[in-house]
Amino acid sequence: MQGISASPERMNAQQRAAHIREVVMGRGDELRRRYPVLRHQDALGAAILAFALAGMVGSAALYLNGQLAWWACLLLNAFFASLTHELEHDLIHSMYFRKQRLPHNLMMGLVWLARPSTINPWIRRHLHLNHHKVSGSAGDLEERGITNGEPWGVVRLLMVGDNMVSAFVHTLHTPGWKAKLKRFARLMAAYAPLAQLHWGAWYVFLGFHGANGVAALLGTSIEWSASTQALMQVIDIAVVVIVGPNVLRTFCLHFVSSNMHYYGDVEPGNVIQQTQVLNPWWMWPLQAFCFNFGSTHGIHHFVVKEPFYIRQMTAPVAHRVMAQMGVRFNDLGTFTRANRFAAKEQAATEAVQGVKA
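Start counting the sequence shown at 1; every next residue gets the next number (full-length UniProt numbering).
Quick caveat, the hints were computed from the structure, so don't treat them as lab data. There may be inaccurate statements among the hints.
[As the list claims (entries may be wrong)] With a Cα cut of at most 27 Å, we get these calculated DSSO-like pairs of lysine-lysine:
#1 K305 x K133
#2 K305 x K99
#3 K182 x K133
#4 K99 x K133
#5 K133 x K180
Use the sequences and the hints to build the structure in full.
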C-alpha cells in the first residue's frame, strides 16, 4: 500500500482524489489478506441481513411478551434498521449477489420491508447512482429530497424527519400546476405502498394521542368507538416495533447526510468538495442510528465499491489521507451556509480572482 506522505500542494483535485482512492483501496486489500472471511462478501451481506431481521423480530417479540420496555425495543430496532439501510445502499451498488438476481432482489425486498418509511429501493437505485454523477448540483435529486441546500429553519427540520413532507414541499415549489400534478403522481408511485402506510400510521398515532392529551388538559375525554380503539391498539404496537424506529432512524440519517454533503457551489466532478467528514462528539447519538454515516460515508464517494463494514474498518487510514488531501472535517459552518462549500463573500472573491486571472 502506498504511503500517505504525498504532497497535496503539487496535486490538483483529481490527483488528490486518486491518491485517496489508492490508499483506501490498498487498506481494504490489506484487510482482506489479513482476514480472509472478508472475501466472502455475498455471505457476509446475507448474514448481516439475517442478524438485523432476527434482532428486529426478537426485540419485538420480547416487547409483546412484556419482557422488554417499549423504549428499549424502539431504540434496538432503530439500530437494527440502520444496518438494513447500509445493506440497501450496498445493494444499490450491486455489492451482493451481483450476478444472481433472485437472492439480490430478495435482499432488496427484505431491506425495504425493514424500513417501510423509504422510497422503493429499485427506484432509489436510479436516484442514488445519479447522486454520484452530479453530487452537489441541482440535479442531485436524492440529496435535494432530504433537504440538502435548503436554509435551516422549521420547514427544513420537518422535511428532514419525514420523506413525504419533503416530497410535498418540493412539489409545491415546482412551477406550473401540470408539472406539480405530474411530480406528485411520480412521488406517490415511488413511495407506494409501504411509505404511505408507514407515515399514515405515524400521523394517526400522533393525532389520536394528541387529541387525547388536549382533552385531558381540558378536563374531559373523547369517547372513541370500539373499532377505533381496536385499530389504535394495532397502530400503537406498530409504532413501537417498526414505525417509531424508522422515524428515529430516518431523522438521524437525513440530518447527518444532508449536512455532510455540500451543495450549490461544488465544482463538477470534484470529489474533494462533495462531502465532509462530520463526526463531532455531540452527534454520536445520531450516528448510532445511521451506523456512523457521518464519519464513513465520505469514504464511499472516493471508493464506491467497498461495502459498509469495510468502510468502518478502513476509516482510521482513510481519515488520515482524506485530511491530508484537503477533505474537510466537522465544518459546522455548513449549517449557516445552507450546505454551500464556501461563504458568499468567499465565493464572490474567488470569482473575481478567477476573472482577473
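For this session: Against the structure, test the hints numbered earlier, and report the numbers of the ones violated in rising order.
Result: none
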